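Peer 1: Given chain A's structure and the hints, the job is docking chain X onto it.
Number of protein chains: 2
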Amino acid sequence: MKLCMIGSRGHCAYVFESITEVPDVTVTAVSPGCEDDPSRLLAMSERAGFHPELHGDWRTMLDKAAPDVVCIDGPFDKHAEMCIEALRRNIHVFCEKPIALTLEDLDRIQQAHAGSSARIVSMVGLRYDPAFYQAARMVHEGAVGKVKLIRAQKSYKLGTRPDFYRKRETYGGTIPWVGSHALDWILYFTQDTFRSVTAVQTAEDNQGNGDLEIAALCQFVTRSGILASASIDYLRPVSASTHGDDRVRVAGTDGVLEVANGKITLIDAGGERSFTPETPDRKLFSDFILELEGGRPAIVSDAETFELTRACLLAREAADTGKQVLF
Amino acid sequence: MKLCMIGSRGHCAYVFESITEVPDVTVTAVSPGCEDDPSRLLAMSERAGFHPELHGDWRTMLDKAAPDVVCIDGPFDKHAEMCIEALRRNIHVFCEKPIALTLEDLDRIQQAHAGSSARIVSMVGLRYDPAFYQAARMVHEGAVGKVKLIRAQKSYKLGTRPDFYRKRETYGGTIPWVGSHALDWILYFTQDTFRSVTAVQTAEDNQGNGDLEIAALCQFVTRSGILASASIDYLRPVSASTHGDDRVRVAGTDGVLEVANGKITLIDAGGERSFTPETPDRKLFSDFILELEGGRPAIVSDAETFELTRACLLAREAADTGKQVLF
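The listed protein sequences derive, respectively, from chains A and X.
Mind the numbering: the first sequence is residues 929 to 1255 in this note's numbering, read in order.
Mind the numbering: the second sequence is residues 929 to 1255 in this note's numbering, read in order.
In isolation and in its complexed conformation, chain A is listed as follows (with noise of 0.2 Å):
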């Protein structure tokens, strides 16, 4: 199986991460995308113990390097062309997410996806974490009865960031780049899709960082009537011992469930009690290559992809207008 990766300015490390439990599959050739330096790609992929060509124009690549699969880790706004063009070719896309920055190119994708043999799903790696993994199986399971309602936290450290991040449209706002982590929970937790919106968002304090939204809440009903709650920041202090504290909160009919600090607690009949979570069983990026290959069901599919793209822009549309949105 070729792969072929464009750009590294997110999460393509994912790649490398889980490479090697799909042996068949091989880095064949890179590209920056844009005017990156293309340095760090080829030292990841040096590293992992490949040797790929380097293309300037990474459709060219595509045209070449044939690919069966691509990752996308190009400029945030160039995610949708990208990845309308290798449907286009039939390539598997593994993509950053979120994989549109407007609803128009998510509509596009879609369209392509339609008419190709290729799958796309976006990089929601937070699923696989230890905690959250577990701790989904655990409502899937039926740990706290009937889902009633769910909160999602994402709280970051700001830091120093490139200037893409500056402007909304090469940054794409921060409901979607940060909290797409949070939506992407609330969807995987309830196992459901969303109905309606409302969202507020501030960019003021956010230490001269363009349009970037400092911070941001959502609230949505799902469409069997889970509320919904998603807490956005970029406010942890640098101070903090971690980079980001993730949390969710799920409230049942029997029970409530929590992750935070990397572990799970649950209130339930049986009381009070904590969970360490065990290592998952699965890895974001060979997760989607072995159910490519036939082999076990990944836990992201196509249709949630684009399900959780578009709670991510429609969520920004209700912070944009003040207005609800419905799905």
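Honestly, the hints are just simulated from the structure, not real lab data.
What you are looking at is a predicted structure, and each value in this text was computed from that prediction instead of being measured.
Note that CB positions come from ideal geometry on N, CA and C, so glycine has one too.
One or more of the hints may lead you astray.
Stated by the list, open to error - So these bits of chain X aren't anywhere near chain A, every CB distance computed over 10 Å:
(1) A993
(2) Y1093
(3) R1096
(4) L1115
(5) D1120
(6) T1121
(7) G1183
(8) R1210
(9) I1227
As the list claims (entries may be wrong) - Computed footprint of chain X on chain A; a stretch qualifies when at least three of its residues, placed anywhere within it, have a C-beta under 8 Å from a C-beta of chain X:
(10) 1005–1017
(11) 1076–1089
Peer 2: Below, chain X alone, put in the same frame as chain A:
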């Protein structure tokens, strides 16, 4: 100072928690305020060393006993009428929250208040909880810098509740009843007022409790642009160690402060640390009385009482209508 008490449906016990700190206050008369059994009210008074007259009719009591202050804790849907009658008689009011179940009734109370020499505050006792009281002071003193994002959580055990909880007309709704504490923390911590709200709620799976909403979410923007949310539910399992799981998370430009499990956690430039809260230097009822007597200013004002009640009712309206409501 003569104190009369009407009803004991809610938190009138706050009176007896600190009445010994204001020794010139005497409970001279009580009335159940409805068909309720007055024995709890009488027993509490007796235990505190008072021997109040019992009146069947609360209006007659206000006229005959002519108190300086009245504690109002009758049927929720009678709070407004009782407040108005007391204010018209220039009797200071210490009322269970929310003081009104409709915006029309709230307006009528405010009109009566405008023409009265009497004061009114509602029983926002959780401001005086050690952890929240100390945490709010820390935030006021700049512990997190400029507040950008605040989340408050109220999670209660449902238990078995009297019939009046099952009807909107007599209960008022879960956002006003349970959520009032969460909204009050937001007002108290931020020292701000609300600009807009959207909210969602659900009464499904409420274990046969009629109209009672089992869960709700509210999302606010304050006048100064702070993003605020409240998560409210009756989903706390019966096996949990406490009745309520009360929390606040405040994220600002210089740090993140949280209250949970009765403790305070702060992450700022100096790192992460916890605080075991000290016993507050004030309690709800005596704080009000001391201010009435010309002593130390209380931490709850008439204006905040009106603001909180209006916020509860507008948030409920947002949830009922599915529309954003502006303040």
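Peer 1: Taking the numbered hints from earlier one at a time, note which ones the structure violates and give those numbers from smallest to largest.
Peer 2: When the structure is compared with the hints, numbers 7, 10 turn out to be violated.
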